[in-house]
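Kindly produce the complete structure, drawing on both the sequences and the hints.
Heads up: the sequence lines are chains A and B, in that order.
For the first sequence, the working numbering assigns the number 1 to the initial residue and increments by one for each residue that follows.
For the second sequence, the working numbering assigns the number 1001 to the initial residue and increments by one for each residue that follows.
By construction, these hints were calculated from the structure, which means they are not laboratory data.
Just so we're clear, the structure is a prediction, and the values are computed from it rather than from any experiment.
Positions of the beta carbon are idealized from the N, C-alpha and C atoms, including for glycine.
A hint or two may mislead.
What the hints assert, rightly or not - Chain B regions said to be covered by chain A (calculated; three or more residues, Cβ under 8 Å): (1) 1029-1038; (2) 1046-1055; (3) 1091-1098.
What the hints assert, rightly or not - No more than 27 Å apart at the CA atoms, straight line, and that leaves these computed lysine-lysine pairs for DSS-like: (4) A:Lys-113 / A:Lys-187; (5) A:Lys-151 / A:Lys-187; (6) B:Lys-1066 / A:Lys-138; (7) A:Lys-77 / A:Lys-113; (8) B:Lys-1066 / A:Lys-151; (9) A:Lys-77 / A:Lys-151.
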Amino acid sequence: MLAAVSVTGRGSLSRRLGRGLLDTAAPRLRMIIVVLALGISGLFGGWETVPAAPEPQHTAGTAIGGGPWQVEVLEAKVAGDMPPLRRQDENNRWVYVIANVTITAHESITLTKQILRLSGVEGLLTEEPYDMALDRDKRVIRRLHPNMTEKVVFFWEQDGDAPLPTSLTVLVQARTYREDSLSHEAKWMDDDEVAGRVTLPVIDNRAAASPSASPRPSASVTAKPGASPKPSRSPRSASPSARATP
Amino acid sequence: MSLLRRLGAALFVIAVLAAGHALTTALPDRNQQLRAFPATGEFGTDVTAREFTVRVGAVRCAAELKIGTAILTTQGVWIVVKLRLTARSQVTSIQYAAIRDAEGRVYEVTDRFEQTLVAGGRRLQPGIAVEGEIALEVPATSTGTLTLLLASTFVDHRMDSMAEIPLPIGDVRAALDNPASTEVLAPRVAK
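This is the structure:
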């Protein structure tokens, strides 16, 4: 008898409860308990349909939802010098991806460099994009706003000795809105999941000589605030961002 | 133990579990419990938060901004808000500015150009008011009351105060009828 009892005594207690509730009950009571359990499970969502797993491979232009963002990967290119971005070595090149990004969360997202990763490209100096810019005005940005879709260019620097990619796979990262196990706050958490993949041919844009060739982030004017005082009805201009050269 | 009694005991356990579930879902969740304390005030009046006082002096909408020689367009509408900020008892800075729309969506201040007044760069000295303008983008479809949010904390606003000031803006789309760009007043010590 003693051998069947656990050291903590929990086994004995659970056995007694089990016997009390089920083993000694009539078959009809068991059935009632099962029906009640299923009913309660339904009340708390146990009968809801499990959403189908998302298809990981997509074609260019397909909207891929990654939780707080939705991404349409459009095209991938390679270029040489793209001022004001600075390469670590002049032989290095820029691999960049153009995508439409929509913030679907209810608030602005600042860590937007975490949206995309590349696969199938050798010699990238960083896993996450070196920088990103708005296609609208070629300004380097970090923050995007809810329900305001923007065409964004993501830049990676590639070692010049690495082979030139002819195709690459863009991984759209996913975030899950769930409770943080430490703080118990609900927030968008990085569970290292991929919402979808898009494989693209890489367009070699290194020969483009025109400085206005898109996408090309323009150097931001860095006039200091207050440098050009004006009459009171004509306010002084604030300074544009100069974050293109971290 | 009779069958009826056992059934009653089981139902009692289920009822307790259901009551517990209802209680936990009815109570504020962790995010609600730790949310910032709103310091609400009216447009044109001083609103006092824990570390600073703010007064919104003007607000206007625009289709384009003129920052230096650059023209910044938007797919929505620019909201330009004139602020007068004063630190209360110690040096501080404003590190968070946003607009909340009627549906609860929050649009933080744009980072497309440098905005030191609300991006932590401008240190506020106690008793010395600084005024300037900030610019934020909202969708042209935004309707209802837009509320300005300001805090001295950058990301973690838990259990701290946040100024909340409703902005007297009617139809933001009206700004799109006027294509003229507008400048943004840089921070300066208020007279």
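Here's how the hints hold up against the structure:
no., hint, result
1, 1029-1038, "holds (count 4)"
2, 1046-1055, "violated (count 0)"
3, 1091-1098, "violated (count 1)"
4, A:Lys-113 / A:Lys-187, "holds (18 Å)"
5, A:Lys-151 / A:Lys-187, "holds (26 Å)"
6, B:Lys-1066 / A:Lys-138, "holds (16 Å)"
7, A:Lys-77 / A:Lys-113, "holds (18 Å)"
8, B:Lys-1066 / A:Lys-151, "holds (21 Å)"
9, A:Lys-77 / A:Lys-151, "holds (15 Å)"
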